[in-house]
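Undergrad: Protein sequences, first through last, are from chains A and B. Each residue of the first sequence is one higher than the one before, starting from 1 at the first, in our numbering. Each residue of the second sequence is one higher than the one before, starting from 1 at the first, in our numbering.
Source of the hints: derived by calculation from the structure; they are not laboratory data. By construction, the Cβ of each residue, glycine as well, lies at the ideal position given by its N, Cα and C atoms. A hint or two may mislead.
Derived coverage of chain B by chain A (criterion: at least 3 residues anywhere in the stretch with Cβ under 8 Å from a Cβ of chain A; other residues may be distant) [what the hints assert, rightly or not]:
1) 34-48
2) 51-63
Cβ-Cβ distance ranges computed for the label pairs, FRET-style [to be verified]:
3) A/135 - B/15: 52 to 58 Å
4) A/23 - B/3: 42 to 48 Å
5) B/22 - A/15: 18 to 24 Å
6) B/63 - A/11: 25 to 31 Å
7) B/52 - A/129: 20 to 26 Å
Only pairs whose alpha carbons sit at most 27 Å apart, straight line, appear in this in silico BS3-like list of lysine-lysine [unchecked claim]:
8) A/42 - B/50
9) A/99 - B/21
10) B/50 - A/99
11) A/104 - B/34
12) A/138 - A/127
13) B/21 - A/104
14) A/127 - B/50
15) A/104 - B/50
16) A/99 - B/5
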Amino acid sequence: MPTPTKGPRLGGGPAHERLILANLATSLFEHDRITTTEAKAKRLRPLAERLVTFAKRGDLSARRRVMTVIRDKGVVHRLFVEIGPDMAERPGGYTRITKIGPRKGDNAPMAVIELVREPVAKKATVKEAEGATKRAAKDDAAQREAAQAEAQLAETETAATESTELPAGAVAATEDGSAPEGYTVKGNADSGKYHVEGSQWYDQTVAEFWFKDAQAAEAAGFEPAGGAAKQVEDEA
Amino acid sequence: MAVPKRKMSRSNTRSRRANWKATVVATTTCPQCKAPMQPHIACPSCGTYKGRHYGVAERTEHQG
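Turn these sequences into a full structure, and let the hints guide you.
TA: Dropping the structure here:
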């Protein structure tokens, strides 16, 4: 299903709506500033900005596509020759809608839609944006520091609990899972078993603890995986 | 077509209409001319909005 048009429908039918919007766009590009109802201004805005984008491109194909909406060649000429170059620096936001009071008669909320022709005010916005990013960075850093402090607290806590669990003669596993130097026997904390290097399940075991040799593991209360016969260290 | 069976009493009519209330329009002070204006709408007395002037926004006698 196609996405429905944003905003209210205008006129008595699709063709009528297209005509209304085309006429509004023609008037806007002719006079730079038109007064209409808020609903129509809001519907006109995306169409007008798209046409300005075509004008910025400025080639024949773009001109022909604009001509399908705006039938007045004089207005299209003005759009391509005067308005397009004015908008060259502007990254979108070519129109501005300002609300004015309701209309007498039907009390419809009215608005002025105008082309933003003045040169892009770069300095102020850039300064503002830089300030904003700086503030954001500061906030971010503060948050990160707080998070780090918390994490450190948590780490010290966990480390404390782990160190109490760490059996005698064992070394906690390094983060990347490689063996600490001098420690070759893997200890599995979940099963309470140890694996010497080269034994059957050695490679697939994830070691929580590392022992120097089988005796140390046994002294720490770990059992040989698959029986003592399978966990005999190769002395050679 | 469905039609009412009984006449509506004055009391019922009036108690229904008693709930039609107008709400106060929120206003702010125009930074340009200090007259009351609705927020986000160009000032009706001097026609300015965010430092720009809109002649059509100014209220005339006929517009009330």
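Undergrad: The structure should be examined with respect to each hint, and the outcome stated for every one.
TA: Structure-based check of all given hints:
As drawn, the stretch 34-48 of chain B meets chain A at 5 residues by the rule of a beta-carbon pair under 8 Å; at three or more, the given contact holds. For the stretch 51-63 of chain B, the stated coverage by chain A is satisfied: 7 residues place a CB nearer than 8 Å to a CB of that chain, which reaches the threshold of 3. The given range of 52 to 58 Å is respected by residue 135 of chain A and residue 15 of chain B, whose C-beta atoms sit roughly 56 Å from each other. Between residue 23 of chain A and residue 3 of chain B, the C-beta spacing of about 46 Å keeps the proposed range 42 to 48 Å intact.
In this structure the hint that residue 22 of chain B and residue 15 of chain A lie 18 to 24 Å apart at CB is violated, the actual value being about 40 Å. Taking 25 to 31 Å as the suggested C-beta distance range, the pair residue 63 of chain B and residue 11 of chain A conforms, at roughly 26 Å. For the pair residue 52 of chain B and residue 129 of chain A, the supplied restraint of 20 to 26 Å holds, since their beta-carbon distance comes to about 22 Å. Between residue 42 of chain A and residue 50 of chain B the CA atoms are separated by roughly 20 Å; this keeps the pair inside 27 Å, and the hint holds.
Note on residue 99 of chain A and residue 21 of chain B: the hinted pairing holds, with a Cα-Cα distance of about 26 Å set against a maximum of 27 Å. For the hint pairing residue 50 of chain B with residue 99 of chain A, the CA-to-CA distance comes to about 12 Å; that is within 27 Å, so the pair holds. For a cut-off of 27 Å, the pair hint linking residue 104 of chain A to residue 34 of chain B stands: about 24 Å separates their Cα positions. Taking the CA atoms of residue 138 of chain A and residue 127 of chain A, the gap is about 16 Å. The hint holds against a cut of 27 Å.
Among the hinted pairs, residue 21 of chain B with residue 104 of chain A is consistent with the structure: their alpha-carbon atoms are about 22 Å apart, no more than 27 Å. Among the hinted pairs, residue 127 of chain A with residue 50 of chain B is consistent with the structure: their alpha-carbon atoms are about 20 Å apart, no more than 27 Å. Simply put, residue 104 of chain A and residue 50 of chain B have alpha-carbon atoms about 24 Å apart, close enough for the 27 Å limit, and the pair holds. A threshold of 27 Å between alpha carbons decides the hint, and for residue 99 of chain A with residue 5 of chain B the separation of about 48 Å lies outside it, so the pair is violated.
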